[in-house]
Amino acid sequence: MATIKLEIVTPEAKTYSDDVDMVTLTGIEGEMGILPQHMPLMTQLVAGEIIAKKGAENIFLAVGDGFVQITGEKISILTDMAIRAENIDAAKAEEARQRAEARLAEKLGEEETATVQSSLLHALTQLKVKQRRHL
Amino acid sequence: MPSTRDIRRRIKSVKNTAQITKAMQMVAAAKMRKAQQAALVGRPYADLMNAILAEAGPRIASFKHPLMEIRDVKKRAIIVVSSDRGLCGGLNSNLFREVAKLDKNTTVYITAGRKASQFVARTKRQLVAEFTYKDAPTFAEARAISKFAQDLFLKNEADAVDILYTKFVSTLVQQPKTIPFLPVGKIQAVTAGVNAPEQELQSAGVRTDSFEFEPDEKSVLSELLPHSLNFQMHQILLEAKASEQSARMVAMKNATDNAKQLIKDLTLEYNKLRQANITKELLEITTAQMAVG
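Residue numbers (numbering that gives the first Met the number 0), protein chains in the order written: chain L, 0 to 134; chain V, 0 to 292.
These aren't lab readings, by the way, just hints derived from the structure by calculation.
C-beta atoms are modelled at their ideal positions from N, C-alpha and C, and glycine is treated no differently.
A couple of the hints might just be wrong.
Stated by the list, open to error - So, partial list: chain V residues that the calculated Cβ filter (under 10 Å) puts toward chain L: (1) ALA120; (2) THR122; (3) ASP134; (4) PHE138; (5) HIS233.
Go ahead and model the full structure; you've got the sequences and the hints to work with.
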């Protein structure tokens, strides 16, 4: 069976790079499943979950906002956060969420608000992905 | 002829100086490793961003983003990225030599780093904004600079924006470099971190094979372009920081070496003088004895 190369890169590291059978991700217009030989597409990635199916194995990742570019043989994902579900530390994420919410309650400048909001989003996404996998 | 006491005093003071420069060298070396590392980890992201822009760029025909608008350049803005502190060899003076070449009347300056704003103010050039960045430049600091430049461009207050910074080549070599920032006419490769080969993307004609944009070209591009500019700015700050720390380390190492050489020379002189004094005294004693006896 044909496979498609999935590449996920964040400013800190190349998080994931492997050949997979199918990828499910959340684009700006909703969730979509991508199979090999998908038509070339470019869209924005919404914070959420990415499921990469490789053989019988499913790999779950929590990702932040970013961009997706799909060609027939490759999916490139550019995002500000990507972490595998099994590596998520729920306690840490919960702590980060509370910290971010507390900061938001204060009066902040425009720049700071954006920064805090994005870290809040990261924490929430991680928690959501974690909960969905380990209920 | 200085006395032995004078020489001793000088040796002591040079020793103190050497100690300080040695400490600064150590600090800069530690910071340099960190800064180089930071510039390196951004590489894959920058590479992928380049690849995506290169793929998408030629296919965008029907839509021109305002940031891509090419105008006659009547007024140019330049972002000068310098260090906050001195004692880093020729780093800043090399940078400012480039600044001095530009036409005063048609250029406005945006500065990052305290030394640049001091220079621009001292030479009575037009400073529109000054920014600071820390030892570990954050994305937010880069975004602030990039956003200001974009606003300036969109409000027609500048028809082109360039960045002047110190490119990190190696620990021993850093060179001042000007790169175009806006307009994003030819989609430019993000200069990726340490030792990156300079690459420019070929925008070879409009490709006709299909490339879907979801929801449409306009909204994807208006997110992607500012983001890539912000990221480029961030990468440049990281690189400037790596250059600064390397330059400082080398300058301090040279200073320490010079101080050590000086101590050696002074010690030699001191010993010679001491010996000469002893010989003179002996001579005096024997002459006195002969005269008495």
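Here is what the structure says about each hint:
With its C-beta approaching chain L no nearer than about 25 Å, ALA120(V) sits outside the 10 Å limit, and its interface hint is violated. Interface restraint check: THR122(V) against chain L, minimum CB-CB distance 30 Å, threshold 10 Å, status violated. Checking ASP134(V) against chain L by beta carbon gives a least distance of about 18 Å; that is not within 10 Å, so the hint is violated. For PHE138(V), the shortest C-beta to C-beta distance to chain L is roughly 7 Å, which falls under 10 Å, so the interface hint holds.
Interface hint at HIS233(V): satisfied, since its Cβ lies 8 Å from the closest Cβ of chain L, which is below the 10 Å cut-off.
The structure is inconsistent with the numbered hints 1, 2 and 3, although it conforms to all the rest.
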